[in-house]
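What follows is each chain in one-letter form.
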Amino acid sequence: MRLDVKELSFAYQQRTGQGQQKHILQEFQLSVESRERVGLTAPSGFGKTTLCKLIAGYLQPDAGEILLDGKPLSSYRGYCPVQMIWQQPEQAVDPLLRMKDVIAEGDEVEERILAGLGIRTEWGNRFPGELSGGELQRFCIARALGKGTRFLLADEISTMLDLITQSQIWHFLMEETTQRNIGMLVVSHDRELLECVCTRIVEMI
Amino acid sequence: MREKNNRRQRVLAGLIFSVIFLAVVCIGGILCKQEAAATDFSRKNLAPCTEYLFGTDWLGRDMFARTLRGLSVSILLGMVSAAVSAAAAFVLGVISAAMGRTADSAVSFCIDWVMGIPHILLLILISVALGKGFRGVAAGVALTHWPSLARVIRAEMIQLKESPYIQIAEKLGKRKGYLIRKHMLPHLMPQFFVGLVLLFPHAILHESSVTFLGFGLSSEQPAIGIILSESMRYLVTGQWWLAAFPGAMLVLVVILFYEIGENLRKLLSPGSAHE
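Residue numbers (the working numbering), protein chains in the order written: chain A, 16 to 220; chain B, 2 to 276.
Wrong hints could be hidden among the right ones.
What the hints assert, rightly or not - Facing chain A, from chain B, some residues (calculated, C-beta under 8 Å):
1. K162
2. Y166
3. I169
4. A170
5. K172
6. L180
7. H184
8. H188
None of these hints come from the bench; they were simulated from the model. In this text, a Cβ means the ideal position worked out from N, Cα and C, and glycines have one as well.
Take the sequences, apply the hints, and build the full model.
So, in structure tokens, the structure goes:
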């Protein structure tokens, strides 16, 4: 499969003043193949997270389109084949749901994935407040790896993890996505990490 | 040993005490229906003593029994109207947030509209239009008290809708009904229950004031408002107990309801207790 981002433009609504809107993205182009892991890097405030949110469908672009195999992504109903993993796992899980219910929301996430990410079974009965950020992030990654996922957007997913866990999780992710032919877009400030993980790197300037 | 009296247990104890006290008042009022109406001229105008704790009035009625009866009528009325009001607030708040912009502006307009009219005026209008009595007051209180809670629930829903975990669940292919049931309702429950309990004291006070002004319950019913307005005539002759005890009891009941609401809030959403 192929994910195409075509001439994407986006500006956040400015409520104050009549001045011209500042476009955070202007005619941005990107293509990702299923077998690829594309690294994306840029300084803060250049719209990396915005781009991820646009591609995953959380925001609507002002112009341009996002195509999955030539079809607009918005035409896919139900489970979205492009899943995004958010930067802050604390905000990405409902504080009143037990972790096993959080996982159940994903699309039939296999036991194998939970084990591969180092998630212990007893964590399933806990609430998000009873887990650390790194432990929560593993659940968020697992949740995004459901059956229907074709592309994965990883927005700074490993910043809160120690190096050993980072390497453990990235090795698992690389193996899993290669095996299931899931394309990845990896956003990070960490150039070394991108060089290690990705098949090519794009600079957003 | 410190465990024995921690904050949670104190809050729980306060909550249980308030609930039991109000339940006793309610049940007592139901049991002494006969006594509250019984007149006996051999014992009229007695000051408070051990036999008649709150004294007796000019018809020789036991003021303690009348007060209990009046309070139980008030509490019952408060419960009915607060429940109806809270249900309306809940439904409207959810509709406003879940069903698009047109529904939202319609509901918001209604909220502002009802809030813009002084409570007591609207209450009197509705009560008189429905022929006073229990029904009129209940409808009046129910129809005037929903906006503040509806506004809170609407705001909460809008905030929830923007939260990442609900947006993520949406992208995971979950339907709107699922999102509301699984993600939104559990977050709304504490707000709703606390709001519901805190509506009671309002409802009771408004019921009493409307009745006091003569637009509420009929005068043969021993409501607190009736008792207070009747006793005004006898205050000048030095019968202070006719107004003092029922008035103090009304204030006590209202305070206890507030106490229940506050304690419930502390238990259901511990985070807010620090404020």
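Interface hint compliance - B/H188 to chain A, C-beta minimum distance less than 8 Å: holds, 6 Å
Next item in the hint list is B/K172. Is there a CB on chain A closer than 8 Å to its CB? holds, 4 Å
Double-check B/K162 for me: the hint is only fine if its C-beta lies closer than 8 Å to a C-beta in chain A. violated, 13 Å
Satisfaction of the B/I169 interface hint, Cβ to chain A closer than 8 Å: Where the cut-off is 8 Å and the nearest Cβ of chain A is about 6 Å from B/I169, the hint holds.
Cut-off 8 Å, beta-carbon criterion: hint that B/L180 touches chain A: Because about 10 Å separates B/L180 from the closest Cβ in chain A, which is outside the 8 Å limit, the hint is violated.
Would the hint on B/H184 stand, with a C-beta cut-off of 8 Å toward chain A? Cβ of B/H184 sits 5 Å from chain A, so the hint holds.
Mind checking the CB of B/A170 against every CB in chain A and telling me if the closest is under 8 Å? holds, 6 Å
Chain A contact restraint for B/Y166 - C-beta distance below 8 Å: For B/Y166, the interface hint holds, since the closest Cβ of chain A sits about 5 Å away, which is under 8 Å.
Violated hints for the displayed structure, listed by number in ascending order: 1, 6.
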